[in-house]
Each structure stands twice: as C-alpha cells, then as structure tokens.
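**Student:** Chains as they are written, first to last, in the working numbering: chain A, 1 to 420; chain B, 1 to 420; chain C, 1 to 420.
Keep in mind the hints are simulated off the structure, nothing from the lab. The structure presented is a predicted model; accordingly, all values stated were derived computationally and were not measured. The C-beta atom is built at its ideal place from N, Cα and C for all residues, glycine as well. Be a bit skeptical, because a hint or two may be false.
As a list, the in silico EDC-like pairs of lysine to aspartate or glutamate whose alpha-carbon atoms are at most 20 Å apart [said to hold, decoys possible]:
id: 1; chain 1: A; residue 1: K344; chain 2: C; residue 2: E94
id: 2; chain 1: C; residue 1: K346; chain 2: B; residue 2: D47
id: 3; chain 1: B; residue 1: K346; chain 2: A; residue 2: E293
id: 4; chain 1: A; residue 1: K97; chain 2: A; residue 2: D71
id: 5; chain 1: A; residue 1: K44; chain 2: B; residue 2: E242
id: 6; chain 1: C; residue 1: K374; chain 2: B; residue 2: D330
id: 7; chain 1: C; residue 1: K344; chain 2: B; residue 2: D414
id: 8; chain 1: C; residue 1: K374; chain 2: B; residue 2: D414
id: 9; chain 1: B; residue 1: K374; chain 2: A; residue 2: D388
Simulated coverage check for chain C against chain B, where a stretch passes if three residues somewhere in it have a Cβ under 8 Å from a Cβ of chain B [claimed, not checked]:
id: 10; segment: 345 to 358
id: 11; segment: 378 to 389
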Amino acid sequence: MYKLAGELFPVCRSITGEGTRTTLRRIQKEIPHMIIHEIPTGTKVFDWTIPNEWEIEDAYIEDADGNIIVDFKQNNLHVVGYSSPIDEWVSLEELNKHLYSLPEYPDWIPYVTSYYKERWGFCVAHNQRMSLKDGQYHVIIKSKLFEGSLSYGELLIPGKSNKEIFLSTYVCHPSMANNELSGPVVQLELAKWIQNNKERKYSYRFIWVAETIGAITYLSRNLDTMKERIIAGYNLTCVGDERAVSYVSSKYGNTLADQAARNVLHFMYPEYISYDFLHRGSDERQYNAPGVELPVCSVCCSKYHEYPEYHTSADDMSLISPKGLQRAFDIYKEIIMSLEYNTKYKVNCYCEPQLGARGLYPTESFHRSSVTVKDMMDFIAYADGTQDLFQISNRIGVPVTRLHEIAQTLMAADLFSEVK
Amino acid sequence: MYKLAGELFPVCRSITGEGTRTTLRRIQKEIPHMIIHEIPTGTKVFDWTIPNEWEIEDAYIEDADGNIIVDFKQNNLHVVGYSSPIDEWVSLEELNKHLYSLPEYPDWIPYVTSYYKERWGFCVAHNQRMSLKDGQYHVIIKSKLFEGSLSYGELLIPGKSNKEIFLSTYVCHPSMANNELSGPVVQLELAKWIQNNKERKYSYRFIWVAETIGAITYLSRNLDTMKERIIAGYNLTCVGDERAVSYVSSKYGNTLADQAARNVLHFMYPEYISYDFLHRGSDERQYNAPGVELPVCSVCCSKYHEYPEYHTSADDMSLISPKGLQRAFDIYKEIIMSLEYNTKYKVNCYCEPQLGARGLYPTESFHRSSVTVKDMMDFIAYADGTQDLFQISNRIGVPVTRLHEIAQTLMAADLFSEVK
Amino acid sequence: MYKLAGELFPVCRSITGEGTRTTLRRIQKEIPHMIIHEIPTGTKVFDWTIPNEWEIEDAYIEDADGNIIVDFKQNNLHVVGYSSPIDEWVSLEELNKHLYSLPEYPDWIPYVTSYYKERWGFCVAHNQRMSLKDGQYHVIIKSKLFEGSLSYGELLIPGKSNKEIFLSTYVCHPSMANNELSGPVVQLELAKWIQNNKERKYSYRFIWVAETIGAITYLSRNLDTMKERIIAGYNLTCVGDERAVSYVSSKYGNTLADQAARNVLHFMYPEYISYDFLHRGSDERQYNAPGVELPVCSVCCSKYHEYPEYHTSADDMSLISPKGLQRAFDIYKEIIMSLEYNTKYKVNCYCEPQLGARGLYPTESFHRSSVTVKDMMDFIAYADGTQDLFQISNRIGVPVTRLHEIAQTLMAADLFSEVK
C-alpha cells in the first residue's frame with residue numbers, strides 16, 4: 001500500500017482530467033474488474049453541473065532578474081487548482097492578491113482550489129512570501145479548461161445476497177499523502193482481500209471518485225439501487241498515519257454502519273476519538289444528505305481538519321507509513337467481518353444446555369473455576385433470538401468475531417440455530 | 001412596566017374584592033379588548049366553591065396607653081388575608097396566638113392568608129413582637145365577608161390558526177412586587193407586543209386571575225376549548241428581579257412549552273436553574289393536574305420559595321427593576337418567536353445544493369475557510385423533513401430565530417420547502 | 001431462622017440423597033402444606049438427565065502410621081461431592097492429583113463437587129497439604145451412586161388473583177451457612193408470614209430445590225403455568241450476613257421484579273451494590289434462560305463469588321447472624337408488600353382537590369408551611385391513571401408502602417379511584 005501511494009504521489013490530480021485518469025488506470029491494473037466511467041462535462045447531476053476538464057502544462061513566477069522563484073514543477077500545490085491561464089507582469093501589490101500562504105506554518109505550502117469560479121493564484125510558503133521585494137513579477141500559468149469528462153472507478157463484487165456493503169474514497173487530491181492517497185490504496189487492498197474471500201455473504205460496491213462532484217455524480221446515476229441494497233457504507237479518507245484513530249458518525253449515528261464501527265473500535269482501539277456528524281467534511285456529507293439518507297459513516301486515523309498538516313505540503317509521504325495503512329486496513333477488515341458474521345441466534349433447548357456432557361464445560365466445580373467458559377455462557381444467556389451479535393457483543397463485552405467462533409462450536413453441537 | 005407595577009403596589013389585592021377589580025381595570029386601560037369576568041361567590045368550580053368577597057376598611061392593634069402599634073394602613077400585609085372582623089381587648093398571651101412573625105428575618109412582615117377557614121390575625125416584624133410587654137391590647141379589624149363575585153381578566157388575540165399559545169398570571173397578592181406584580185405587568189407588555197405583531201401564526205389567550213381559585217374557575221369554564229387548542233402555555237410569576245433565571249418543568253417535562261423554554265434559555269441564559277415539577281408552586285399545579293393535562297410550564301427570575309424575601313414585606317419595589325422586568329419580557333418574546341417560527345423544512349434537491357453558484361458559499365476552498373457558512377450547511381444536513389426547528393436547534397447549536405432567518409434565505413433561493 | 005440454620009448446618013446435603021430429604025422434612029414440619037416431590041433419577045429434564053443418588057457413609061485419609069489425617073466426619077467438605085468409592089494405598093504424588101486446597105486461604109477447606117463425571121477427591125486446608133510428607137497414604141471413601149430420586153419442596157399459597165409471586169432457594173449445599181442455609185430459612189419465614197397474611201392479592205409459589213438440576217427439573221414440569229402466572233420472582237441465596245446488600249439484575253433488568261427490588265433497596269439501603277446479569281451465578285441463570293424468560297432477579301447480602309469465605313469451610317455459622325437474616329427478611333417483606341400494593345390511581349376531580357375542606361391540608365397559608373403535605377400533593381399531581389406506584393415512587397421519592405397509606409386516606413375521602 002505504501003509503495004503504491006509513493007508511486008502515485010507526484011501525479012497532479014484534480015476533480016477531472018488526466019491526473020485522475022492516470023491514477024484510476026494504475027488502480028485498475030491491480031483489480032482488472034474495476035470499470036472506469038467517463039461522464040461528459042456539462043452534465044447536470046442533481047443540483048450541480050460537471051465542470052470542464054482542467055489541464056496544466058506549466059506554471060511559475062519569475063522575478064525581474066529572471067529567476068524562477070515559484071515553480072509548479074517543484075510542487076503541484078504551488079498553483080491554485082483550476083487556475084485559469086495567465087502570462088503577465090504584475091506588481092508585488094497585485095501579485096499579493098493572488099498569493100495564498102499560512103502565517104501559522106510559514107514553511108508549508110497550502111492547498112487551495114477554485115473549481116466553480118474562474119481565478120488564478122499561487123500557493124507559497126509564508127516565509128518566502130515575506131521575503132519578496134517590491135518590483136515586477138512575471139506570472140505564467142499554462143492551463144486549459146475544456147469540454148471532456150469526469151472519471152471514476154467502480155467495482156462490484158457479488159456475494160450470496162444482493163444486499164451490499166459500500167466503500168467510497170476519492171482520487172482528486174494532488175500531491176498529498178494522508179489526504180488523500182491513503183484512502184485509495186487502503187480501499188484497493190480491501191477490494192483485493194474481499195475478491196479472495198469466496199465465503200462472503202454480502203455483495204460489495206467500491207468507488208473511487210472525485211470528492212463532492214464525483215460522489216454526487218455517482219449518486220445521481222445509482223441512487224435508487226443504492227437505497228435498496230446498501231446496508232452499511234464507509235467513506236475512506238485519512239487512513240494512513242499512526243496517530244489518532246477516529247470515527248465520524250452518520251447523520252443520526254444510529255445506522256448499522258455506525259454500530260459496526262463503534263463496536264469494532266471499542267475492542268481494537270478503545271481510546272478512539274468519536275466525532276459527531278457536525279464534524280463531517282468529506283463525502284459522508286453527500287451520502288447522508290436529505291433525500292439520499294444512506295447508512296454511511298467513516299473511520300479515519302488522524303481526521304481531516306484535525307491535524308496541522310491537513311491540506312498543506314506537509315501532508316507528504318513521511319506523514320503516512322506502512323504500519324499506519326495496515327492499521328486502518330485491519331480495522332476495516334474487522335468491521336467487514338463483523339458485518340458478515342452479524343446475525344441472530346437462538347438456543348435450541350430450554351434452560352442452560354448441559355455443556356459438560358459435550359466437553360464444553362469443566363466437569364468439576366471448583367472455587368471460581370467457571371471463568372474460562374464465561375464468554376460462552378454469557379452468549380448463551382442472551383441467545384434468545386431477539387438480539388443481534390452487535391447487541392450481544394456490546395452487552396457482554398466480547399467481539400463479534402469471537403462470538404461467531406463460539407456460535408460455530410455451538411451450532412456443531414446442535415445447541416444453536418440461526419434465526420432468519 | 002416598572003412604573004405601572006409601582007402604581008399598583010399599594011392596592012390591597014386578594015382572591016376576590018375591590019383590590020383585584022381596581023388592578024384589572026387599570027390593566028384594561030392599556031388593552032381595552034380585555035374582558036373582565038365576574039363569577040358569583042358560592043359557585044361550584046370543580047372540587048371547590050368560590051368564597052365570599054372580603055373587604056377591609058381598617059385594622060390596627062392599640063396598646064393600653066392608646067398607642068397604635070400595628071397599623072394596616074402602614075402596610076396591608078399586617079393583616080392575615082381574609083381575617084374576620086374583631087373589636088376586643090385581649091391579653092398578650094391571647095394576642096400571641098394570633099400573631100405571625102419570622103424569627104429568621106426579624107425586620108420583615110410575613111404574608112399570611114386564611115381563605116378557607118374563619119380566622120383573624122396580624123403579621124408583624126419579629127423584633128416588634130419580641131418587644132411587646134405584658135398587658136392588654138385592643139385588636140380591631142374592620143372587615144366584611146359577603147356575597148359578591150370573583151373577578152378575572154381575559155384577552156384573546158386571534159391568529160391565522162386557532163391553535164393557541166396561553167399565558168397566565170395572577171392578581172391576588174397585596175403589596176408585594178416580584179410575587180406578584182411582575183407577572184401582571186410583563187404579561188400586559190407581551191399582550192401589547194403581540195397585538196402589534198400582525199404576522200402571528202397562532203392565536204393567544206391571556207388571563208389575569210386569582211391564584212388557585214381563579215385558575216380553577218377559569219378552567220372549569222374553558223377546559224374543553226383549552227385542551228383542544230392550546231399547544232404551549234406559561235405561568236408568569238416572579239419575573240421582575242435581576243438575580244437567577246429559572247425554569248419550572250411541566251408534569252412530565254416533555255411538552256412543546258418545555259422544549260421551547262429550555263431551548264431558548266440554553267442560548268440566552270445557559271446558566272439558568274432547572275427545577276423539576278416537584279418544585280412547582282403556582283398555577284402550573286392546576287394546568288398540569290390529572291384530567292387537565294395542559295402543556296404549561298414556567299420561566300421565572302428568582303423563583304417563588306427560592307429567595308429569602310418571598311412572601312414577606314421585603315418583596316417590595318426595590319427587589320424588582322426595569323432591567324429585570326425587561327429581561328423576562330425578552331425571554332418570553334424569544335420563546336414566542338421560536339414557537340411561531342417552529343416548523344419542519346425539507347431541502348428541494350438530492351445531495352448538498354450548490355450554494356456557491358447562488359452566492360451563498362465561498363467559491364475558493366482554503367484551509368478551514370468554510371467556517372462562516374457552517375450554520376447553514378448544518379441546517380441543510382438535517383433539513384430532511386423529519387425534524388422540527390427545536391430538534392435541529394438543539395442538535396446543531398443554533399437558535400431557532402437564527403434558523404428561521406436562514407430558512408427564509410433558502411426558501412427565497414428555492415432550495416427549501418416547508419413540510420406541512 | 002438462625003436456630004434452624006444451626007440445626008441443619010451439620011447435615012451433608014447434595015443435589016440428591018438423604019441429606020436433602022432430611023432438610024426438606026425439617027422445613028415441612030414448619031409448613032405442613034409444603035409437598036415433597038420425588039423425581040426418579042435418569043429422568044430427562046430438558047437438556048439434562050437427573051443423576052444417580054449419592055450416599056456417603058464415611059471417608060478419610062490414613063497415613064503410613066495409621067493416623068487419620070483427613071476425616072469426613074470432622075467436616076463434610078473434606079470429600080469432593082459425588083466422589084466415587086475407593087479403598088487404596090497411593091503415593092503422595094498420586095494423592096496430590098486428588099487433593100484440592102486454596103493457597104490464598106491456607107486454613108480453609110474448599111467446597112468442590114463433580115456431579116457429572118466420575119471422580120474421587122479430598123478437599124483440605126492448604127497448610128495441611130503442604131505439611132504432608134512423602135510416603136504412602138490410605139484413601140477410603142465409602143460412597144454409593146445408585147438409582148433413586150431427586151427431591152424438592154413446593155408450597156403454593158393461593159391469593160385473590162391466580163397471578164403469582166415466585167420465590168426459589170436451594171437445599172443442595174453441605175455445611176455452609178450463608179451459601180446456603182440462609183436462603184432456605186429466610187424463605188421459610190417469608191412463607192409463614194404470607195400464610196398468616198390473609199389479605200394477600202397475589203398467589204405465592206415457593207420452591208426449595210437443588211441448584212441448577214433442581215431448578216431445571218422444576219421448570220421442565222411447570223414452565224407453561226409459570227410463564228402464564230408469575231409476575232415477579234426472586235432467587236434467595238446468600239441472605240444471612242450483615243455486610244453488603246446486593247442486587248443481581250434479571251437478563252434485561254426491566255422486569256417488575258427488578259423494579260420492585262431496586263425501588264425498595266433505594267429507600268431501605270441506598271448504598272446497595274447493583275450487579276449486572278453478567279455477574280449472575282445461581283438459579284436466576286435458569287429462570288432467565290432463553291425460552292424460559294421468567295421475571296426473576298435476586299437480592300442478596302454479601303453475594304456469592306464476592307466474599308472471600310464463599311464456597312469454603314469459613315462460610316460457617318459465625319458468618320451469618322440473626323440480625324443479618326432478619327435484615328434480608330425485612331427487605332423481601334417490603335418488596336412483597338410493594339408488589340401487593342402496586343396499582344394505578346386516578347384523582348376523581350379536575351384540578352387539585354380542596355384538601356383543606358376535608359381536614360387534609362393546613363387552612364392557613366404561611367411561609368413554606370405546606371411542606372408537611374408535600375408527599376400527598378406530589379402523589380395527587382401524578383395520579384393521572386397512567387403511572388403505577390413504582391413509577392410515582394421513583395419520581396417523587398416516597399416509598400410505595402407510604403403511597404399505599406396515602407391512597408387509602410384519599411380513597412376514604414372519595415378523592416381517589418383505583419384504575420383497573
């Protein structure tokens with residue numbers, strides 16, 4: 001995962017254009033069943049219209065002495081995303097109207113875009129900006145805005161049921177690592193793992209889209225099917241660093257996706273940070289919007305908006321790590337397994353079954369000896385057919401994946417039945 | 001408000017009689033549409049019977065030397081309310097059986113009544129009582145109890161809907177300011193303000209009654225209509241001082257009146273004191289009684305029973321202030337506006353609307369720049385037609401009156417519809 | 001109670017056999033209507049089979065010098081319950097495989113059983129075990145396992161209604177006092193008290209059974225009737241010491257039995273310890289099992305598993321006391337009275353009734369004077385026919401037995417009616 005993220009890091013992605021297409025094709029090499037869709041610019045998608053493609057060849061600022069002082073080729077964050085073309089000499093005063101920098105982090109270049117209004121601009125380190133002397137500057141942006149298409153990748157993996165688990169991430173950010181190359185690569189790894197897991201109960205829908213406009217475009221084409229089929233979904237973003245583990249609630253925090261995420265995090269990372277939906281900020285906005293109402297929440301590492309390097313050049317490959325990516329993968333894997341296993345069970349007899357006769361219980365009663373079978377006994381006590389595994393797990397403090405193992409043992413002993 | 005309270009302060013009010021009638025007529029001068037009802041004494045009202053009118057001309061205690069030591073004309077609290085007439089010489093021992101004083105506040109005269117049993121008595125400062133010497137005292141009370149009527153004022157202001165907001169206060173307390181001239185004058189000011197607010201959605205029912213017997217009388221004549229129409233009601237009492245802001249819950253604390261009061265106080269006076277219904281003590285007792293079950297709670301300043309001057313001569317015009325009365329008026333105004341504005345909205349499109357295209361959103365995305373439109377975005381996120389403004393306000397932390405403004409903007413942009 | 005417990009203490013009880021029968025017959029002497037049932041060994045009871053009777057005549061360990069070093073006649077805990085017969089010389093190494101002791105409490109003999117697998121063994125003080133020297137030991141257990149029956153006692157006391165309150169305790173533990181002679185004797189005392197209380201509303205079902213197998217046997221023969229009739233039940237165990245007061249919840253903690261137990265303990269022992277169902281350990285396991293689902297919880301003194309002497313020889317007659325047993329009796333008595341009294345009341349009039357006219361309220365209103373009738377007024381405020389006495393008690397902070405007294409007064413004054 002880390003290696004692929006590093007390979008994709010230099011690509012200049014945006015909500016449309018070749019950078020995104022390059023990224024999608026690279027992912028497709030790993031999972032050939034993924035389809036890359038192209039939706040023409042100008043298409044109405046709900047309340048929005050897909051904007052033109054943006055292509056940039058070069059951009060720089062030259063001082064009066066002919067020195068190139070800011071260069072897009074050094075870092076693609078230097079240019080405001082979707083900047084219109086320009087080739088002019090401007091005064092420092094005029095230039096400053098088009099510069100963006102972060103006084104609180106004077107060495108970092110901020111990430112700025114202007115998708116829906118024509119603008120041009122450069123993003124620079126604040127220290128460099130402060131060192132600029134009065135005089136004329138030559139600003140050059142060789143960009144084009146033109147009709148084309150918006151691209152996204154989609155992979156459907158069928159399961160026994162046509163009910164779906166949905167995973168979404170975005171591929172529209174230029175050279176930043178945690179936000180957002182971690183999401184695309186972790187989601188790819190999950191897709192490969194699920195393809196290999198032939199025993200799956202549910203179908204899986206994965207999409208790699210542009211944030212906001214891509215999610216809206218996808219929804220505008222698939223909403224009815226999604227509402228009918230999706231039982232739980234997650235927006236994968238900022239899943240690469242090793243700092244916090246975070247959870248962002250769905251709109252009302254009560255969906256199956258939320259239950260699974262909170263349950264799994266409680267056991268794996270009990271110190272995780274729980275954010276209300278008021279702290280949302282990525283495509284869970286669209287998936288939870290009025291009228292859409294899909295059961296989608298998010299599990300992140302250090303969450304967007306909550307770490308200093310967010311949307312700056314400091315969100316680079318040193319911020320994420322193989323270990324951080326693997327940690328996120330393991331959490332999502334446990335969530336997916338818990339969803340796969342979740343069901344209701346009922347004991348086949350009245351009263352407690354005689355486990356001792358079946359070799360499932362110590363046959364000698366000694367001071368506190370029964371501790372070792374406590375999980376099994378607690379599970380049996382609540383296996384009355386009214387509670388699903390998440391409810392029982394929360395109540396008795398045993399992970400769903402462990403309950404699943406116990407249930408297999410008890411099914412084999414003909415003591416448990418699944419309640420359909 | 002303060003001036004009118006001062007004018008009414010010396011009047012000797014009781015649950016029936018001329019003092020109350022004088023007060024009601026003075027209020028009627030300000031709002032001529034108010035009707036003064038007269039219900040004959042002896043009328044059965046639910047479990048009660050309206051007691052006789054009480055009139056008092058004079059009352060005093062004279063010592064053996066002919067000095068008037070306690071004089072009703074100095075302070076009408078000196079006589080126990082509804083005292084029967086007397087003209088006798090009594091020993092100090094006998095007199096003491098008819099004296100009421102407060103050892104813990106030795107300079108204050110307590111307020112005592114005996115409406116439903118014939119008694120006579122005087123209320124005095126404890127210091128004065130302690131200074132009385134053995135000997136004979138001449139006690140004179142020139143009072144009458146006779147058939148007449150109980151009076152109350154009623155004002156109905158129609159709105160677009162016949163659903164009503166109900167405000168009630170009482171006019172049966174003699175010379176005390178916070179409890180209770182503040183309620184009558186604040187309620188009068190609210191009535192005048194609503195009369196001038198032509199855009200009102202709801203109808204308004206205001207009553208000025210005697211506490212307990214007046215409220216019961218009013219209910220006995222109007223209960224069916226009230227149960228059918230009233231959506232929220234408040235009992236106005238102790239709304240004149242500048243100390244605490246208090247809320248007294250309805251019986252189960254779950255009515256629209258409670259929701260509105262708690263919501264408004266949360267934003268205006270987050271440090272307000274919340275009292276359970278077990279701390280009730282005024283006419284919310286009747287409005288919440290079994291079989292009555294009206295949605296009525298109360299917002300006070302320093303609540304009855306909770307401030308030392310309560311029911312004593314120290315509850316005088318210095319305890320209340322123009323600022324205190326205005327503060328209470330402003331709270332009730334905000335509650336009423338919130339009730340008027342409360343409704344459900346639904347976004348007209350799927351996914352988030354494109355606010356930028358409508359000039360409602362910054363068109364350049366910069367590190368954390370969207371904070372300024374956060375309220376609007378949060379409102380849109382929950383405008384799914386299932387939540388009323390109080391629910392959304394509590395959830396996203398924005399006052400209902402501010403949500404109303406935002407909703408107007410979004411309705412004008414054709415993005416919001418009201419859900420009927 | 002303490003005297004009878006002392007009398008029964010030396011009897012060697014087990015889940016079947018003469019010890020239990022002796023105990024049941026002694027109880028029957030006090031309540032002749034109790035029936036002793038005998039269910040043949042080998043009978044299938046749900047998932048279980050009643051095991052053979054066990055009889056033990058003698059058991060000891062002799063050292064090479066002929067000294068009897070461990071003697072069943074000294075303490076019947078010395079032999080593992082249901083030990084098979086043996087008469088052999090064994091090495092110390094071999095002997096140690098059959099010895100049980102408690103290193104953390106080196107002077108106490110543990111209580112060990114092996115009902116469902118053939119074993120022999122001795123329980124000894126750890127200090128004694130450590131002092132054993134290498135050599136040969138003569139182990140002798142003169143026991144028999146044979147076909148017979150499982151015994152239990154049952155007492156049904158009919159009431160006006162055929163709805164039942166259920167009390168269960170167990171008589172299968174050898175010489176231990178808190179666990180478990182306290183339960184049998186406290187339950188006996190409750191049965192005698194209820195027989196004498198002719199005014200009872202409910203019927204009462206009492207059983208004295210073997211733990212687990214006895215409860216399962218009883219359920220297998222009575223489940224349908226029990227599910228139809230029992231409104232609340234309690235498992236009586238560890239009700240003899242003077243230390244903690246404890247409550248063990250039912251499976252979901254929401255039954256009438258739980259409500260009554262928590263309500264009564266809140267007033268009588270507000271510092272009581274509340275245990276979740278995860279801390280269950282006695283016959284509430286069977287009564288709450290899937291498919292059984294009876295409303296049964298437990299109130300204990302120092303709860304099983306939670307005091308050091310539990311299941312050891314230190315749980316002797318010095319651990320319990322007449323005062324401790326009486327305390328438990330008084331709690332269960334208050335619970336039963338609260339259940340008997342629990343009902344819904346409705347005020348017969350609209351608004352507050354005029355209590356003064358009926359001598360139920362002070363006729364003179366004086367500064368805070370109404371405190372004395374606060375309980376009555378609060379009760380009236382919530383007597384709207386929707387709340388039972390437990391709900392009102394929890395809300396207004398007045399015990400159910402006190403509410404019952406107030407209700408009788410108000411019924412006599414024709415102000416209250418019971419809601420059927």
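**Student:** Decide, hint by hint, whether the structure agrees.
**Tutor:** Verification of the hints:
For the hint linking K344 (chain A) to E94 (chain C), the alpha-carbon distance of about 48 Å lies beyond 20 Å, and the restraint is violated. Between K346 (chain C) and D47 (chain B), the direct Cα distance comes to roughly 15 Å. Compliance with the 20 Å bound is thereby established for this hinted pair. Straight-line distance between C-alpha atoms of K346 (chain B) and E293 (chain A) comes to about 13 Å, which keeps the hinted pair within the 20 Å bound. For the suggested pair K97 (chain A) and D71 (chain A), the alpha carbons sit about 18 Å apart, so the restraint of at most 20 Å is met.
Pair hint K44 (chain A) plus E242 (chain B) does not hold up; C-alpha atoms about 58 Å apart against a cutoff of 20 Å. With a CA separation close to 33 Å, the supplied pair K374 (chain C) and D330 (chain B) exceeds the 20 Å bound. The suggested pairing of K344 (chain C) with D414 (chain B) is violated, with an alpha-carbon distance near 53 Å, which exceeds 20 Å. Simply put, K374 (chain C) and D414 (chain B) have alpha-carbon atoms about 56 Å apart, too far for the 20 Å limit, and the pair is violated.
Restraint check for K374 (chain B) and D388 (chain A): the C-alpha separation of about 37 Å exceeds 20 Å, so the hint is violated. Coverage of the segment 345 to 358 of chain C by chain B holds [criterion: at least 3 residues with CB-CB distance below 8 Å; count 10]. With 7 residues having a beta carbon nearer than 8 Å to a beta carbon of chain B, the segment 378 to 389 of chain C meets the requirement of three or more and the stated coverage holds.
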